[in-house]
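Visitor: Next come the chains, spelled out residue by residue.
There are 4 protein chains.
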Amino acid sequence: MTATKTITHTRLRELVLANHILALEGVLDAYGHVSVRNPNDPTSFLMSRSRSPEIVSEDDILVHDFSGNVDGIAAKELYRERFIHAAIFAARPAVQAVIHSHADDVLPFSISTLPFQAVFHGASQVGAAPAPVWDIRHDFGDTNLLVENMAQGESLSRAMDDRTIVLMRGHGFAAAGATLINLLKMVTAIPRNARVILDVLHAGETIVPLSAGEVAIRDTTDMTTPAAQRQWEFWCRRLGVTFEPGGYL
Amino acid sequence: MTATKTITHTRLRELVLANHILALEGVLDAYGHVSVRNPNDPTSFLMSRSRSPEIVSEDDILVHDFSGNVDGIAAKELYRERFIHAAIFAARPAVQAVIHSHADDVLPFSISTLPFQAVFHGASQVGAAPAPVWDIRHDFGDTNLLVENMAQGESLSRAMDDRTIVLMRGHGFAAAGATLINLLKMVTAIPRNARVILDVLHAGETIVPLSAGEVAIRDTTDMTTPAAQRQWEFWCRRLGVTFEPGGYL
Amino acid sequence: MTATKTITHTRLRELVLANHILALEGVLDAYGHVSVRNPNDPTSFLMSRSRSPEIVSEDDILVHDFSGNVDGIAAKELYRERFIHAAIFAARPAVQAVIHSHADDVLPFSISTLPFQAVFHGASQVGAAPAPVWDIRHDFGDTNLLVENMAQGESLSRAMDDRTIVLMRGHGFAAAGATLINLLKMVTAIPRNARVILDVLHAGETIVPLSAGEVAIRDTTDMTTPAAQRQWEFWCRRLGVTFEPGGYL
Amino acid sequence: MTATKTITHTRLRELVLANHILALEGVLDAYGHVSVRNPNDPTSFLMSRSRSPEIVSEDDILVHDFSGNVDGIAAKELYRERFIHAAIFAARPAVQAVIHSHADDVLPFSISTLPFQAVFHGASQVGAAPAPVWDIRHDFGDTNLLVENMAQGESLSRAMDDRTIVLMRGHGFAAAGATLINLLKMVTAIPRNARVILDVLHAGETIVPLSAGEVAIRDTTDMTTPAAQRQWEFWCRRLGVTFEPGGYL
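Chains as they are written, first to last, in numbering that gives the first Met the number 0: chain A, 0 to 248; chain B, 0 to 248; chain C, 0 to 248; chain D, 0 to 248.
Please keep in mind that the hints were generated in silico from the structure rather than gathered at the bench. Some hints here could point you the wrong way.
[As the list claims (entries may be wrong)] Derived pair list, reagent style EDC-like, types lysine to aspartate or glutamate, alpha-carbon separation capped at 16 Å: (1) K184(B) x E24(B); (2) K184(C) x E153(C); (3) K184(A) x E24(A); (4) K184(C) x D59(C); (5) K75(B) x E24(A); (6) K75(A) x E53(A); (7) K75(A) x E147(A); (8) K75(A) x D221(D); (9) K75(B) x D59(B); (10) K75(C) x D221(B); (11) K75(D) x D221(C); (12) K75(C) x D59(C).
[Said to hold, decoys possible] Covered, in the sense of this in silico footprint (three residues per stretch, anywhere, with C-beta under 8 Å from a C-beta of chain D), are these stretches of chain C: (13) 19–28; (14) 185–199; (15) 224–231.
Just so you know, even glycine gets a beta-carbon here, dropped at the ideal spot from N, CA and C.
Build out the structure end to end from the sequences listed, making use of the hints.
Guide: Written as structure tokens, this is what we have:
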């Protein structure tokens, strides 16, 4: 029995749904993971035990502390790279959701000087300036490229600084959101943003990114309106689960 | 109860089917929208309330006026960017159908000087000369890039001029058709047209677009023949709905 | 009642299956068509009436003469571009099967000087030298780009000469096979062959095509062996139809 | 009755599952094949008779000797290119699993000087230095490009040397793994690794491959842990077969 038993069903359901959405959209496959800060204790976070995101159920969600440990559960049951989440949540109190992904379309930007920055409105959270690239080799020399301890997680978090995304050389990326839905919107747009940039650069052309001013504009729509809930309804439909109008962040 | 109750079932069914086709073909996803001029009152148009196109049903179709309002319905129930449709229908009496899409393959042309023009017969409606690109920043400075009022819709419509398509920088495109089926044929060909251009330009080669003369030739086929209805039958089959021979525009 | 009633069930079933395979593999969509020479009368050919290939059934197959006519059937019931098939069958007695396709990946080669030639063993029938490109504008000026009469079909066939494939500028391609299975094998490899060439040329590199000697080598495998029938079994499985071992050309 | 009757059900089930996974992931289609060294007799190997991988069942698995023969079975029942497997198993005692694939994304590297080397952690087994390319024409002149006898298989194996992968000009690749799961992990990452390299090179940029030190680091995770079994669970789910926790290599 874990501490998640005291967390409202709505919050758990959203995290499970987020796992399934990210698999559906191809942002996660057998690997990668998504987490949210614990609404009952902001010094911990919620994430599945080591299962593929599209298979995760509410029973898999565990409360992780900021060292990446789960009370009463052996390390081998957990995601090996949970330290990414622990380090980012610890360093940045305003972050409510974190993801680690190996989405293919982002990888080219991690092994070259190609700039990854927002070029269409759906990806505005990526930011106007090119995202930082963290190379694990810089601090840790030759490794298997995985983030397997807190020192590596903290190094990554420092490279990320106050950005929403940090690329990981030859590996993938980590991203953080002010809310879970913000994170979902950003990361499902990230592969598309990558392909648009590549399609321009492959032609030897120059991209026009969003401006700093455009990126700074925050959407003030009431998130309970039909217009805002529409994205959830779309995902529920594609996943074959019942949509509960107004029942999502 | 809305004014759509007086509109023939065939017209409503076609608009709903168009929504589903555009989702099936990947032209629309959770966002974007398609509309037709109101056959009962050409100073208004029919479009869904704010729902994802693949989920739209006949009950969702509402009569919008040329200010983007719907009698008796709160704005929050409507598409935020309905002003795109209102402005184009108001400015161009010959237009019977309008779409706004964020299809990925067109985006590269909106953030660069890559020319978007018809290169194969299926996309001839796109036109022989490169499509105009509208940059919301030119008239409105930094925004969230969405078309959220009539002034922005009218600015877009002016940039579109008498063309069938206008690209929207960092956002997507709007397109207009002389009939709904014309619009469907054009916009399902648009992503393909984009990829063909990109595949040539990525190789550092020059494209041979359709000529102005080729684009000007209008198809005079009887639209009730099997050859013309075949496209509808194909889409009905893929959507799993019953095809009614001869029952489509 | 048509003359196809005297044609063996096996031959009709193969042509219907070929239609479905070509839709499954994305070589044909709502448009495009495939035909075989009439085994009972080599001065005619079998092809569906105007239906989308994935929907074609045995009842749709009609005997077409070399003017593109079908006895007792109005022209509007037939494919508009049936003249492609009529002209190629008339000009080339050794051809047993013909296809017309608009597959996207081949289109870039039709609107540029990019060379389309065989670069992997599965596409060897394409030939070692670049395929000819036919531009309808050369003989017929501005048109809707469709092949709508025998003069246009014959012009295309002359440009094709003795090759297995001819590209059609801004439109697609026509291809011919010594047998139906040969044609299927070639045309399902054609989009793949296109992408491989593009992936090399996009990097500014030079392709190594198959040699003339490699292309000239004919496969002498017994087509009734399991190794040869395996492709049919694969396609039947994917189409959800029962495979009849040894029952295919 | 074949010698496979004495092989444990688990080993046979894994090989069948590997066939289905490789079809699911698009590494194999109607053609290509995967094999494992015979656990009961390391001088032979297990592979299906000539069937498409997604259709292979346990009854299809046959014991092949290092000349590519199967006791009591006619050659026409077997994969034509089984000599690839025979030659590699014979030359390299440490290899436990072999695959031959025509995956499209790798083909560009086989017909050009584009370098195929590991650029992300999931493909580390590919190696830090560019993979060798074997051109059958060098030793055998013009052929149909297939590996149809032991001399050709041995030539390929020599070109492969001690690498995990060898590209085959205009044809595909062969790869070898220290275990079946190692091979599966590598080859499902290979098309992704190819696309990442191409996306960088298409932009005229230079790739940063994994270092020799990174490639040399071996994963020492206990393969029976949930973290390691997770990949199998993912594949079982996608294939619709029951996952047996801990029941896979």
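Visitor: If a hint holds in the structure, say so; if it doesn't, say that too.
Guide: How the hints compare with the structure:
{"no.": "1", "hint": "K184(B) x E24(B)", "verdict": "holds (11 Å)"}
{"no.": "2", "hint": "K184(C) x E153(C)", "verdict": "violated (25 Å)"}
{"no.": "3", "hint": "K184(A) x E24(A)", "verdict": "holds (11 Å)"}
{"no.": "4", "hint": "K184(C) x D59(C)", "verdict": "violated (24 Å)"}
{"no.": "5", "hint": "K75(B) x E24(A)", "verdict": "violated (27 Å)"}
{"no.": "6", "hint": "K75(A) x E53(A)", "verdict": "violated (20 Å)"}
{"no.": "7", "hint": "K75(A) x E147(A)", "verdict": "holds (12 Å)"}
{"no.": "8", "hint": "K75(A) x D221(D)", "verdict": "holds (9 Å)"}
{"no.": "9", "hint": "K75(B) x D59(B)", "verdict": "holds (14 Å)"}
{"no.": "10", "hint": "K75(C) x D221(B)", "verdict": "holds (9 Å)"}
{"no.": "11", "hint": "K75(D) x D221(C)", "verdict": "holds (9 Å)"}
{"no.": "12", "hint": "K75(C) x D59(C)", "verdict": "holds (14 Å)"}
{"no.": "13", "hint": "19–28", "verdict": "violated (count 0)"}
{"no.": "14", "hint": "185–199", "verdict": "holds (count 5)"}
{"no.": "15", "hint": "224–231", "verdict": "holds (count 5)"}
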